[in-house]
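Chains as they are written, first to last, in numbering that gives the first Met the number 0: chain G, 0 to 476; chain D, 0 to 200.
Honestly, the hints are just simulated from the structure, not real lab data.
One or more of the hints may lead you astray.
Stated by the list, open to error - If the Cβ cut is set under 10 Å, some of the chain G residues that face chain D in the computed set are:
| hint | residue |
| --- | --- |
| 1 | A22 |
| 2 | F42 |
| 3 | T58 |
| 4 | S71 |
| 5 | D73 |
| 6 | D84 |
| 7 | G135 |
| 8 | S137 |
| 9 | H138 |
| 10 | T139 |
| 11 | L167 |
| 12 | G206 |
| 13 | E233 |
| 14 | A326 |
| 15 | R443 |
| 16 | K446 |
Idealized CB from N, CA, C, for every residue including glycine.
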Amino acid sequence: MSQPLTLFQKVWNEHLVTQQPGAPAVLYIDLHLIHEVTSPQAFTGLREKNLAVRRPDRTVATVDHAIPTLPSKDGSVAGRLAFADDLSRKQIAQLETNANQFGIRSYGPASSQNGIVHVVGPELGFTQPGMTIVCGDSHTSTHGAFGALAFGIGTSEVEHVLATQCLLQHQPKTCEVKVEGKLGTGVSAKDIILALIAKIGVGGGIGYVLEYSGSTIRALSMEERMTICNMSIEAGARAGMIAPDEVTYAYLTGKPFAPQGAEWDAAVARWETLPTDAGAVFDKTVTLDASALEPMITFGTNPGMGIPISGKIPTTSDFSESSQQAALEKALLYMGLKAGDPILGHPVDVVFIGSCTNSRISDLRLAASVMKNRQVAQGVRVLVVPGSQQIKRQAEAEGLDKIFKDAGAEWREAGCSMCIAMNGDQLTPGQYAVSTSNRNFEGRQGKGGRTFLASPLTAAAAAVTGQVTDVRTLLDE
Amino acid sequence: MQPFKNINSRVVALPLNDIDTDQIIPARFLKVTDKVGLGANLFSDWRYFSDGSPKPEFILNKPESKGAAILFAGDNFGCGSSREHAPWALTDFGFRAVVATSFGDIFRNNSLKNGLLPIQVDPTTHTLMHELLDELPRAEWNIDLEAQTLTLPNGTSVHFAIDPFAKTCLIKGKDELGYLLSFASQTAAYEQTHHKQQVTA
Ligand code: SF4
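This is chain G alone, in the form it adopts within the complex (with noise of 0.2 Å):
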């Protein structure tokens, strides 16, 4: 028999071009998602070297980071891009050339499918097992969830993809992340995810692929998959990868892009060859019990910085290394948090429920769940916004727009949003969020603003009580 490969191995294997001694291998791209952010320079790098993009099919293109999630008052696509600022206008704009230039698939502003990047690819059936996808985007690591290799580029390699189908790439390292048990009430994907990175740190992953398996991981939807694999990047991972099953494939199943009839059958017989062996080997292994989980918090100035819900802000003699007592102490300073404290209670300004981690139509109905026939705490703002237009469209069909503005939330189009505050939704100085997105970096929600990265679940009990919360007293009562 030959040897045992991991599923990473198998698919770095079956996308080798080549691999010249002493270079890096040819990686080839099967699928290159693009946005109006990380692409403009690379477009311009083409134009001057008087190159095409060699395969604009597998190259797909969409509005989120900078458009505005505004509703317009008339429903009209320049009424919404009335809200963007110059600049904004201009990127999005210049998007749209590029891609009806090049000859590339856009969901530009005015198409009813658009949406974040990392949502449009699954929903619409791009992402497939087995495939080698990349976008100027460091959370490209969602779609591994499908069992992809899949991780964010920078510009210059937005361009070398454009033009070559192929990127340069050291094999990386690779990692199982084995999460077993079953999680307890009001604990999700989300919180596994935060308890994995504060336990190995943003810097745990930093040269592997990660491998997600165990019974937890199973039992898992693709919408929580998606959710896990999305934050692989906080650990400093290059991608995040979960075997395809038959979730994935119920999932794919009828999607507008995903393989039909024969080539369907023939695909997932593909994919099922695509698991790690038995016997194969990683580099490295870690553990999580599920079971043990409660809803997780971050306190602090990156995702590493995580406690449970009901823990205490950590003192600098938890840790051994100054300079990680030197972490603790400046992210302290900017969140305004003292050593020791709980983080239970601490009140909250803004919730922000969307991004690619959770803005799927799973999360909103957690959020919903929770938020149904209750109000948003006085003072506090709430922003939900969808991952896409075909998520906006289906919370409205389910009566979820109903619930969250009942309760007195903001619903908007669909877009990045909060998440990096690019397109005027943003923090205020001093302000502090409970959000769903992935990053709580030093304003990265809006300059001066101070986040707490949680689960819809989570973020849902802050908007309705003003404060950090335990989800499961409300679910008790």
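With chain G held as given, fit chain D with the ligand onto it using these hints.
Just chain D with the ligand now, kept in the frame of chain G:
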């Protein structure tokens, strides 16, 4: 890309861990469609008060940082977002090398494509360098990429690793795109035998 030459320079010390690319250049500066002038926004939120005036105590605003080409940071420099605006801002400011104990993967790749040399050193060496910077903050360090050495003002020479392919590209100021384009026929052959199905048709 400019060829990477031997460098003699003072060092800007920012020895913090996990400096993410949102700090290097905040997202509100990513609305540009070109690459020029981003150095003015480098570390913007740490560097300027809200009225836009410089914070005198921030290292980049100190007179001795002017013209420095080497940045000294802690672990995991450049983690977070894939924005290539981070190395664009660093090089536009004048940096040609960053010394750290580790780097975010995407940031490292992006840097190498922009003539910015990521030099990874082990924690013990890093501590020694840090002490030396406290002692001799204005002294010049030397980087010899050909020899892969970083020479400190006390005469210590530190060897650093770099992928040979990236090294050649940096020294020659050569873009990787040319190399990739040279495999067009292999790529075409690959496309004949693998996943013929169109993705977006
Ligand atoms: S939602 Fe946030 S993390 Fe996701 S792609 Fe948009 S800006 Fe990036």
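For each hint, the structure was consulted:
Taking 10 Å as the C-beta contact cut-off toward chain D, the hint placing A22 (chain G) at the interface holds, the least distance being around 5 Å. Nearest Cβ of chain D to the Cβ of F42 (chain G): about 9 Å, under the 10 Å cut. The hint holds. The closest approach between the C-beta of T58 (chain G) and any C-beta of chain D is roughly 7 Å, which is under the 10 Å cut-off, so the hint is satisfied. Here the hint on S71 (chain G) is broken, as its CB sits about 20 Å from the closest CB of chain D, past 10 Å.
With a least beta-carbon distance of about 26 Å to chain D, the hint placing D73 (chain G) at the interface is violated under the 10 Å criterion. Checking D84 (chain G) against chain D by beta carbon gives a least distance of about 7 Å; that is within 10 Å, so the hint holds. The restraint placing G135 (chain G) at the interface with chain D holds, with a minimum CB-CB distance near 6 Å, inside the 10 Å limit. Interface restraint check: S137 (chain G) against chain D, minimum CB-CB distance 4 Å, threshold 10 Å, status holds.
With a least beta-carbon distance of about 9 Å to chain D, the hint placing H138 (chain G) at the interface is held under the 10 Å criterion. With a cut of 10 Å, the hint placing T139 (chain G) at the interface with chain D holds, because the nearest CB-to-CB distance is about 8 Å. Interface hint at L167 (chain G): satisfied, since its Cβ lies 6 Å from the closest Cβ of chain D, which is below the 10 Å cut-off. Below 10 Å, beta-carbon pairs count as interface contacts, and G206 (chain G) has one with chain D at about 7 Å; its hint therefore holds.
The beta carbon of E233 (chain G) comes within 8 Å of a beta carbon in chain D, closer than 10 Å, and the hint placing it at the interface holds. Given hint, A326 (chain G) at the interface with chain D, holds; its Cβ is 5 Å from that chain's nearest Cβ, closer than 10 Å. For the restraint placing R443 (chain G) at the interface with chain D, the shortest Cβ-Cβ distance is roughly 5 Å, inside the 10 Å limit, so the hint holds. A hinted interface residue such as K446 (chain G) counts as satisfied when its beta carbon comes closer than 10 Å to some beta carbon of chain D; here the least separation is about 6 Å, so the hint holds.
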